[in-house]
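Peer 1: Spelled out from the first residue to the last, the chains are:
There are 2 protein chains.
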Amino acid sequence: MGFSFRVEDGFFAGYQKLVREDVIPYQKKVLGDELEGVEKSHAIENFKIAAKEREGEFYGMVFQDSDVAKWIEAASYSLQVQYDEKLDQELDELIALIGRAQEPDGYLDTYFTVKEPEHKWQNLCEAHELYCAGHMMEAAAAHFQATGKTTLLDIMKKNADHICSIFGEGKKRGYPGHPEAELALMRLFAVTGEEKYKDMAAFFIRERGAEPNYFVEELKNRDWCVWSRNPINTAYHQCHKPVTEQEEAVGHAVRAVYLYSGMADVARQEKDEKLKTACKRLWNNITQKQMYITGGIGSTVLGEAFTKDYDLPNDTAYAETCASVGLIFFAKRMLMMEKNGNYGDVMERALYNCVLAGMSLDGKKFFYVNPLQVKPGYSGELVTHKHDLPDRPAWFGCACCPPNVARLLMSLSDYIWEEVEDGGETTLYAHLFVGGVYQSEGIKIKTETAYPAEGEIRYLVEEAEKKVKLAIRIPAWSLQTVMAINGKEEPLQVRDGYAYLSGELKAGDRIVLKLDMTPRKVYANLNISEDAGKTALQKGPLVYCFEGVDNGGDLDVLRADRESEITEIVKDDSVLGKVNALQISGKKLEGSAELYSFDRPKETPFTLTAVPYYMWDNRGLNAMKVWIEERG
Amino acid sequence: MGFSFRVEDGFFAGYQKLVREDVIPYQKKVLGDELEGVEKSHAIENFKIAAKEREGEFYGMVFQDSDVAKWIEAASYSLQVQYDEKLDQELDELIALIGRAQEPDGYLDTYFTVKEPEHKWQNLCEAHELYCAGHMMEAAAAHFQATGKTTLLDIMKKNADHICSIFGEGKKRGYPGHPEAELALMRLFAVTGEEKYKDMAAFFIRERGAEPNYFVEELKNRDWCVWSRNPINTAYHQCHKPVTEQEEAVGHAVRAVYLYSGMADVARQEKDEKLKTACKRLWNNITQKQMYITGGIGSTVLGEAFTKDYDLPNDTAYAETCASVGLIFFAKRMLMMEKNGNYGDVMERALYNCVLAGMSLDGKKFFYVNPLQVKPGYSGELVTHKHDLPDRPAWFGCACCPPNVARLLMSLSDYIWEEVEDGGETTLYAHLFVGGVYQSEGIKIKTETAYPAEGEIRYLVEEAEKKVKLAIRIPAWSLQTVMAINGKEEPLQVRDGYAYLSGELKAGDRIVLKLDMTPRKVYANLNISEDAGKTALQKGPLVYCFEGVDNGGDLDVLRADRESEITEIVKDDSVLGKVNALQISGKKLEGSAELYSFDRPKETPFTLTAVPYYMWDNRGLNAMKVWIEERG
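So the sequence lines, in the order shown, correspond to chains S and A. Residues 1 to 632 in the numbering used here are what the first sequence spells out, letter by letter. Residues 1 to 632 in the numbering used here are what the second sequence spells out, letter by letter.
Chain S with its partners taken away, still in its complex shape:
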C-alpha cells in the first residue's frame, strides 16, 4: 500500500493492545496445545508430523492448518503495529516448520500429507485444500509486508506455483469449495506482481458454476468423503450458476463474501465490467435486502447461510462474526474499484457493531453468532435457538471468528486509508474515522478524534511535500455535516458519499470535520416482518441495544413511545466505563398470570435505556433487544 498508519486513539488503540497482548499470545498457546482445559488444537503438531519430526496422527478438522495461517497473518500485522522481537522469532520458527512440512513439489496441507496422501485434490468441494492454501498465502503476504522477509512468501509462491501447475485451462478444472484462494492469490499477485497468480484466481472465479457442475461430477468420481455423500447443494457453494449470472447472495455467508471479495479483486485488476456488475449486484442484494442493522449477514444457522430477501429474524439470527469480517473485505475491495460512500458506510456498520460485538470488552470471550435479541432460558437452550447463545462462550480451541477479528483489527489501517494515484494526481481517501498518524512518502497527517463517542475529527497536515488531495467519507447517517479548513467553514463538495477538498494539502493545514452525532430512531423496511413497527436507536455508526440489566430484566414487557425524544446520558458503569447511553420514554406492561386472558395488561410509564450494541453481554447473562416495538 505504500503507507503506514499508527492507530492512536481511545477506541481502536485499546482493541489493538488487547489483541496484541492477550489474544495473539493466547491463541499461539492454543495452537501449540500449551493450555490446560482448552480443547486440543494439535494444529502445530500436525505440521511437525507432516515434517516427519514427530510420530503421530493428524488430528482436527480438515481445515486445521488455516488456524495456524490466520494466526501468522494476525501476528504479522501485530509486528507492523508494534515490533516485538520475541514474536518475530516465534514467527520465524513457525514458518521454518511450515517450510519443512511442505512437500518437494510445493504441496502444503498437513491433513492430506499425513492422513490421506492418496486423495489430494480429489474433493475440492469438502476438503478445504485451496482454502488452507489461501489463508497461508494471505499470511505470507502479510508477513512479507510486515517484516520484509520472504521466508513464508517463498514457501507460498512455491505452493501457488504448484496449484497453478495442477489447475487451469487444459489442466484440472475445479475451484475451491470454500472460497478464499481467489482473494489470496490476488494478494500474492499484488505482492509479487506474478500475473499467473491473478490468472489462477480469475480461472477459479470464471470456472465456478460452469456446466457440467464440477462438484457434482467430482462427487461421482470419488469413493470417499469428509462429511457427506449427499447430493451437492450448489447454491450453498455459490456454484449454482456462473458468478456473473448470480442475482442474489445465496448459500453459506462466509463463503459468499470471500468469493465476492476475490471477484472484486479480479474485476478491478482485469477491468472486467461484467464481473464488476455482478459484484455490485450481489453487494446491493446483501446490503439492501439481506443485512441486519448491525451489519450481520447470513440469517440462518442451517448452512450458516443467506435465506431470502428481508428474512432477518432477530432471535434466531446467525450473523456470524466471520461473515461480517468478510463483508468488510468485500466492502474494501469495492471501494478500491469505485469510490462510493455506501461501501464505507457498510464497512463501518459491520465493524462497529457486529464485528466488535463478536469479542467481549476484555478480549477473553467471543461470539460466533450475533443475535439481535436474546432471552435467557430460551436463547441458546431451545432446540431452535441452540446457536444463539445469550452469553459469549470461552474461546474454542479451533476457531474461525476470534483470529478473523484479530487479523482485521491488527490490519485496520488498510481499511481506514487509501492512497490513489490517477493521472499523476494523488488522492488520499479517509474511509473510516480513527485517530492516529498517517505517513507515506512526503505526507504526514495526524488525525485526532474521540470518535465514535464524539463526531469531531481533526486532520492536522504535518507534512505535504507532494501534491495530494484529500477526500473524506461523509456517512449517510450524518445529516448535518460541517467542515472547517484552517478555521474557516467550507461548503462540502460531496460526490458519491465523499467530500472532496478543493485544494491540495499544505503543511499546517487543519481540517476539522463535525459529523452529526444526533441519536436517531431507525425504522426497518416493512418487508422485514420481525422489525415492522419497531424502532432501533443509532448514534453515529453505533447501533444501540436494550439490555435487561438497564431495563428491569424482562424486555418483552417494554414498549417505546412513538413520539418520544431520545435523551443522551453519560452512564458511568463499573464494567463499561463512561458510556453514552440513550434513553427514550415508553411503557411497561403488567399482565395476568393466566396463559390467555381478557384482561388487557396494565401500562405504566417506563424509561428505556440503551447502550451500544458492541458492548452487550459484558455485564452478565441478561436479555437483549435491538428492535423495540413502538406504541402510540
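One or more of the hints may lead you astray.
Because identical chains share one entry, a pair is satisfied inside a single copy or across any pair of copies.
Simulated crosslink set (DMTMM-like; lysine to aspartate or glutamate; CA at most 20 Å straight-line) [stated by the list, open to error]:
#1 Lys587 - Asp561
#2 Lys171 - Asp199
#3 Lys172 - Glu217
#4 Lys588 - Glu563
#5 Lys446 - Glu247
#6 Lys587 - Glu194
#7 Lys602 - Asp561
#8 Lys587 - Glu563
#9 Lys271 - Glu441
#10 Lys578 - Asp22
#11 Lys588 - Asp561
#12 Lys386 - Asp309
#13 Lys157 - Glu211
#14 Lys289 - Asp556
#15 Lys289 - Asp599
#16 Lys469 - Glu504
#17 Lys469 - Glu489
#18 Lys198 - Asp154
#19 Lys308 - Glu381
#20 Lys602 - Glu530
#21 Lys365 - Asp22
#22 Lys280 - Glu594
In short, the hints are calculated from the structure, not lab data.
With chain S held as given, fit chain A onto it using these hints.
Peer 2: Leaving out everything else, chain A in the frame of chain S:
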C-alpha cells in the same frame, strides 16, 4: 356408553356429512391404491401379502397398518351416525382379510410378518408394533359398538391376549415407543370387561421410565434399527422418568397426549390418586404454559415436540392437528375422572380452532401443521419454516392427521355428552354445545342451536322416564350467562365450571341457555415473547384471525388501536358463506423503500377484519395472523 346422539345442526352435521361422503370413501381408495396420482399406500396390499394371498414385499412405513385401523375406526363411527350397507360390507371384507393376516398365535403386524419375522418385539422404541395393535384395538371396539359384530373384536382380543402373554411382570418388560396401546387396551377392557387388558395397560404405564431404561437397554441388545442407532432421547419418548414423577409435558406431543390419555384411563379405573395427580400436573402444564390460543400443542417441528414453558412461536409453530386431537382425548378422560369445566373449555378450544383448521372447508385438503401466522413466500419456503405451509396440501397417501380428524368428528357424540351414575343418581353432562337428539334408556332430549354462530342453546326434554339431572358446562369465556327453565330465568348454580340444574328433568322441560358471545380481545401471558403486547380476537369458542385477503394483503404493516372496540359484521363471502366477521380500528404503516431509514413509517387509519381461525386458507394463498400488535 349406553346412549346415542344424532348430530343435527348447521355446523357439525355438515362436517359429518363431508367426512361420511367424501373423506372416508376417498381414504378407502387411497388405502387400496385405487387412485391415480396419489402416492402409493399399499396398506391393504400389505395385509394381503401377510395373508399369503398375494406375492410381494411389504411397502410403506413401519406403522402403515395403523392407516387401515384408523380408517376402520372412522368408518365404524360413520355407520353409527348413518347406516350404509355398502360400507358395512366393505368393513366386513376388510376385517376378514385382517383375520387371515393374523398369525396363529394372535400376532398381527404386516411389517414384521412380511418383512422381518425374526425381529418381532425387539425394537419397541421405534417399531410401532404396539402402536399399530392399539389402533386396531380401537377400531375393534368402535366396530363392535357400531355394528354389534364381534369379528374384529375377536381378532383383537386374540391379539391382546398374545400381547398379554409376552409382556408383564416376570415376562418381557418394555412399553410402547409411541403410546397408543395403553388407551386402546383400556377401550378393549371397557368393551369386554377383561381385567387383564386393564392390567396390561397399567403395566405399560407403570413400567415407563423405570430404571434401567428399557429403550436404552433394548438398543444395546439389537443389531438393527428402523431409523437410527443414535442414543435414545428418553424425554422425546416420555420415558425419562417414571410417569408419576413427570412434572412437565416433554417430547413428541402426540405421543405425550396419547400416553397421558392412557394414564387417565388407568387412574380412573384403578382409582390411583398418584397417577391422577400426575395427569393433572401434566394437564396443567400443557394448558397453562404450553398451549397455543388455538388449542395447538407441541411448538417445534424438531421432534414435533413440546419445548419450554411459554415458548409458543406463531410463524414456526408445529401444533400438529393430531396433537390437538390427542389433547381432546386427554381432556375427555380427565372429564370422566373429574367434572371440571376447564377440561371441557380446552376440549372446545382445540376442537373449534386447531382441529377444524386442520381440514379445508371442502374436506379435500389437510394441514398437519397449524401455524398462527403465515407470510406467503416465506412460510413453507424458508429453511426454518419449511413445515409451516401457508396453504393446505392435497391429501398424502399415508397420513395421520386426516383419519384422526375423521374419527374424531364421526365420534363427536362421545365428547358432547356423558351420562354418569353415582349412588343411584344419574347426571347427564353436556360438555359441548351441538344440536341434535340425545337418547338413552328412558331419556330423549333435543338440542337446538346455531352455535357457535350464536350463543343460544335450547334443550327440549322429550322423554324423561328415569330420574336424571342435567349439568351443563358454562365456558369460562362466557362472562354473562343466562339460563331460563320453562320460560323462567333461573340463577346459575355453577360448580367447577358446570351449571347443575336443581330438579330432575321432566318431559316437556325447555331449558334455554344463553352464552355470552360478546367478541373480546384476548391477551397472552407476557412470558410468551411472541405475543406480548399483542391481542387476538375471540368470540365464543372461536379464535379469529386476520387474513391478507380481507386486509389489503400485507399484515405486517397493520396495527390494532389499543382502545378500539370490536364491531361485528356479517360478511357474505362467496367461499365462506355468511360469516360473523369481527372488525377493529387500527393503523396501516407505510414506510421507506430503504432497508433502514430514519424516516418513521406513516400511519393511516385502517379497519382490520378478522374471520374465524378454522376458516383460514380457504380463499387462496395469503398471509394470516392470529396475534396483532396493539398501538396506543
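Peer 1: With reference to the structure, classify each hint as holding or not holding.
Peer 2: Results of checking the hints against the structure:
no. : hint            : verdict
1   : Lys587 - Asp561 : both (7 Å within a copy, 16 Å between copies)
2   : Lys171 - Asp199 : within (14 Å within a copy, 75 Å between copies)
3   : Lys172 - Glu217 : within (13 Å within a copy, 52 Å between copies)
4   : Lys588 - Glu563 : both (16 Å within a copy, 17 Å between copies)
5   : Lys446 - Glu247 : neither (42 Å within a copy, 66 Å between copies)
6   : Lys587 - Glu194 : neither (64 Å within a copy, 63 Å between copies)
7   : Lys602 - Asp561 : both (15 Å within a copy, 15 Å between copies)
8   : Lys587 - Glu563 : both (12 Å within a copy, 16 Å between copies)
9   : Lys271 - Glu441 : neither (28 Å within a copy, 94 Å between copies)
10  : Lys578 - Asp22  : neither (23 Å within a copy, 71 Å between copies)
11  : Lys588 - Asp561 : both (11 Å within a copy, 17 Å between copies)
12  : Lys386 - Asp309 : between (24 Å within a copy, 16 Å between copies)
13  : Lys157 - Glu211 : neither (31 Å within a copy, 63 Å between copies)
14  : Lys289 - Asp556 : between (27 Å within a copy, 17 Å between copies)
15  : Lys289 - Asp599 : between (39 Å within a copy, 18 Å between copies)
16  : Lys469 - Glu504 : within (5 Å within a copy, 102 Å between copies)
17  : Lys469 - Glu489 : within (18 Å within a copy, 93 Å between copies)
18  : Lys198 - Asp154 : within (17 Å within a copy, 81 Å between copies)
19  : Lys308 - Glu381 : between (25 Å within a copy, 9 Å between copies)
20  : Lys602 - Glu530 : between (24 Å within a copy, 18 Å between copies)
21  : Lys365 - Asp22  : within (11 Å within a copy, 61 Å between copies)
22  : Lys280 - Glu594 : between (52 Å within a copy, 17 Å between copies)
The structure does not agree with the numbered hints 5, 6, 9, 10, 13 stated previously, though it agrees with the rest.
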